[in-house]
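Asker: Protein chains in written order, with the UniProt record's numbering: chain A, 1 to 388; chain B, 1 to 388.
Check before you lean on any hint, since a few could be wrong.
Which copy is meant is left open, so a pair is good if it fits within one copy or across any two.
[To be verified] With a straight-line cut-off of 27 Å between C-alpha atoms, the simulated BS3-like cross-links for lysine-lysine are:
1. Lys192 x Lys10
2. Lys10 x Lys284
3. Lys10 x Lys66
4. Lys170 x Lys66
Honestly, the hints are just simulated from the structure, not real lab data.
Predicted model only: the values in this text are computed from it and were never measured.
2 protein chains.
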Amino acid sequence: MEVPAPEILKKPLVVPHKILMGAGPATISPRILHAMSNPVLGHMNQELFQIMDEIKEGIKYVFQTKNELTLAISASAHSGMEAVMSNLLEPHDKVLIAVNGLWGSRAANMAERYGASAVKIVTSLGDNFGFEEIEDALRKERPKLLFIVQGETSTGVYQPLEGLGDICHKYNCLLAVDVVASVGAVPFLMDKWGVDAAYAGVQKALGGPPGVTIISFSSSAQKEIFRRATQSKVYYWDMKILGQQWNCYNNVRPYHHTTCSTLLVALRESLAIIAEEGLENWQKKHEQGYRRLKEGLERLGFEFFVKDENKRLITVTSVTVKDFDWMELVNYAMKRHNVEIAGGLGPTAGNILRIGVMGFNCTPQTIDRVLDVLEEALKHAKTKKAKL
Amino acid sequence: MEVPAPEILKKPLVVPHKILMGAGPATISPRILHAMSNPVLGHMNQELFQIMDEIKEGIKYVFQTKNELTLAISASAHSGMEAVMSNLLEPHDKVLIAVNGLWGSRAANMAERYGASAVKIVTSLGDNFGFEEIEDALRKERPKLLFIVQGETSTGVYQPLEGLGDICHKYNCLLAVDVVASVGAVPFLMDKWGVDAAYAGVQKALGGPPGVTIISFSSSAQKEIFRRATQSKVYYWDMKILGQQWNCYNNVRPYHHTTCSTLLVALRESLAIIAEEGLENWQKKHEQGYRRLKEGLERLGFEFFVKDENKRLITVTSVTVKDFDWMELVNYAMKRHNVEIAGGLGPTAGNILRIGVMGFNCTPQTIDRVLDVLEEALKHAKTKKAKL
Numbered sequence: 001m002e003v004p005a006p007e008i009l010k011k012p013l014v015v016p017h018k019i020l021m022g023a024g025p026a027t028i029s030p031r032i033l034h035a036m037s038n039p040v041l042g043h044m045n046q047e048l049f050q051i052m053d054e055i056k057e058g059i060k061y062v063f064q065t066k067n068e069l070t071l072a073i074s075a076s077a078h079s080g081m082e083a084v085m086s087n088l089l090e091p092h093d094k095v096l097i098a099v100n101g102l103w104g105s106r107a108a109n110m111a112e113r114y115g116a117s118a119v120k121i122v123t124s125l126g127d128n129f130g131f132e133e134i135e136d137a138l139r140k141e142r143p144k145l146l147f148i149v150q151g152e153t154s155t156g157v158y159q160p161l162e163g164l165g166d167i168c169h170k171y172n173c174l175l176a177v178d179v180v181a182s183v184g185a186v187p188f189l190m191d192k193w194g195v196d197a198a199y200a201g202v203q204k205a206l207g208g209p210p211g212v213t214i215i216s217f218s219s220s221a222q223k224e225i226f227r228r229a230t231q232s233k234v235y236y237w238d239m240k241i242l243g244q245q246w247n248c249y250n251n252v253r254p255y256h257h258t259t260c261s262t263l264l265v266a267l268r269e270s271l272a273i274i275a276e277e278g279l280e281n282w283q284k285k286h287e288q289g290y291r292r293l294k295e296g297l298e299r300l301g302f303e304f305f306v307k308d309e310n311k312r313l314i315t316v317t318s319v320t321v322k323d324f325d326w327m328e329l330v331n332y333a334m335k336r337h338n339v340e341i342a343g344g345l346g347p348t349a350g351n352i353l354r355i356g357v358m359g360f361n362c363t364p365q366t367i368d369r370v371l372d373v374l375e376e377a378l379k380h381a382k383t384k385k386a387k388l
Numbered sequence: 001m002e003v004p005a006p007e008i009l010k011k012p013l014v015v016p017h018k019i020l021m022g023a024g025p026a027t028i029s030p031r032i033l034h035a036m037s038n039p040v041l042g043h044m045n046q047e048l049f050q051i052m053d054e055i056k057e058g059i060k061y062v063f064q065t066k067n068e069l070t071l072a073i074s075a076s077a078h079s080g081m082e083a084v085m086s087n088l089l090e091p092h093d094k095v096l097i098a099v100n101g102l103w104g105s106r107a108a109n110m111a112e113r114y115g116a117s118a119v120k121i122v123t124s125l126g127d128n129f130g131f132e133e134i135e136d137a138l139r140k141e142r143p144k145l146l147f148i149v150q151g152e153t154s155t156g157v158y159q160p161l162e163g164l165g166d167i168c169h170k171y172n173c174l175l176a177v178d179v180v181a182s183v184g185a186v187p188f189l190m191d192k193w194g195v196d197a198a199y200a201g202v203q204k205a206l207g208g209p210p211g212v213t214i215i216s217f218s219s220s221a222q223k224e225i226f227r228r229a230t231q232s233k234v235y236y237w238d239m240k241i242l243g244q245q246w247n248c249y250n251n252v253r254p255y256h257h258t259t260c261s262t263l264l265v266a267l268r269e270s271l272a273i274i275a276e277e278g279l280e281n282w283q284k285k286h287e288q289g290y291r292r293l294k295e296g297l298e299r300l301g302f303e304f305f306v307k308d309e310n311k312r313l314i315t316v317t318s319v320t321v322k323d324f325d326w327m328e329l330v331n332y333a334m335k336r337h338n339v340e341i342a343g344g345l346g347p348t349a350g351n352i353l354r355i356g357v358m359g360f361n362c363t364p365q366t367i368d369r370v371l372d373v374l375e376e377a378l379k380h381a382k383t384k385k386a387k388l
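Just chain A, same shape as in the assembly (with noise of 0.2 Å):
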């Protein structure tokens, strides 16, 4: 053999465990790494078929939604964002794009390589947007689809949602919406609310793990999907013939991709596990877990990014980084204690700390070790930021 075997791969495997605290992936339930643990199904098997339609009634709950065209996507959440620009947008399309952080740089980017055009509304980082100034975009740029984050992680900051798809379909606009870091701690009524397309992973509030994405279209998104003029660009992303494989459209279910059952049966058992908590308590049991750690980083004299609290996102909390060096701080936190807390990201890398409370993490015992980490760390970051 040119090439031997390699001599690393032949130590054992060491996985150690965390508490993930950062924007995301959470900290994961045993009851959902033991399901991941199960033989696996082959991707056209009865029981596995039996595990989507559970997972669509979720995904549906979980959106507050009665779209026939929701499935989950074998892949990261990018991919529900790049499904969305894929499918909704056909060359020279135009799209606007609400950007208050780095996701809407990432769609703007995605909507680009297919060769729409994307048209930017900025706000300044930790603040939100007001319909207003929605509108006024609207009606300047008249775009085929409007696409805004309701809970970006890169400033911490939470859009309102409610009201805005009626002001879309005035323009004749369609409303897309990452609910990536949101969805499961805040609500979200996608059909009250007139949201046309939604997608989100379920490593954050949802309690899942990385790898695979949920999405829905309303039907007047699936009626634009199957009106196109031109094929979408992807064939992953295709959703007229992924919906088939899903059973979208009450047909058979034709092999489109091999799907991966860890993941699916590991989807489902996130979504099962909020049924039987209620998603109203899941919800509470965020917002509870944001205000413990709120109050906490109060009291170790954080200053928050977001300084309007109305314009927090709770998964996500932005704090400052002044008297401190984050990195010392974030490096002791995992390397004394395996407690992930994440840095800045995009336009706000080396300003802010971001610490997440998701999911299985979202605990009074797990926040309050957090913030004695923390408490630690701090004391260690400011001792080094002192010396410099």
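Given the coordinates of chain A, work out where chain B should sit on it, guided by the hints.
Answerer: Below, chain B alone, put in the same frame as chain A:
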């Protein structure tokens, strides 16, 4: 709540154990299933970066390559096909597709979505390509890329590749090979054979889970990716930035997407098992598994779809359907014994059965068990047919 918690999700999850002997996924070893119940790691955790580095070495080993741009994509194997097309082709580029079953047709469809022109050469079903035929087409069409499948599961055909790289390069054409159903079981010498792009799922002869794809590009292919005038169409498959997250260019590891540590850990373990056993032994085991199955099938009176034994793919053996009802056979094996045998796919649907011997199933005990089930199921299927 307008959409109440679905009752269907409140029943306990039941995942039966099956012997998956179709065209893949194959049954997974307990070691890998156990690995998947490890805690989730964050996508930026050092321990996961270490696992990713180990995975890269493992891929280089099973592909027999030293390619710098070698990594895993967080999606099923179709993503590898799509990544090859979207990274190596620009609008109006020409790709030559060697079609000897379903996969070539899919690849052509993907290329056309990106605005490339796909020229096909087609063999009769059950046959593979001679190099003269391919060279004639290269001379005439002068494509930028040739796409060919080493192991065509829809027919059970094996495609020799040794020497094909030189022929392609003579015409300034890159060579892309789908090794999804072959790598691990038969030799694949990426560097020696001059292959410029190759990808595989790991749920077949590599013994891993579905949902993750390994891929590698030669230095020529890599240069082509960095030389392109237009952005590749798909952010999620964009090797310029995904290669950074995988540290392929000796740089930092900027965030591209949230990888799924569960699948990466499982992939690491499947590659580790092969490194421990030795790739040559792993291949030998598959060759022996094929022989045992073949002899058993002959004993049961089955006829092979691929007449010329030299053209048979050893991982997926296809037999013709004549005097029995194929669907009765498949359903009987599944319902009575939880054994998965596949029918045909795409152009072979209804005409063949496909029996896979891959990865963890590649033991005399499992093969004999499946032959026993086949014998019983065949009697049942013949009776059913006779009654018609």
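Asker: For each hint given before, does the structure comply? Return the numbers of the non-compliant ones in rising order.
Answerer: Hints that this structure does not satisfy do not exist here, as all of them hold.
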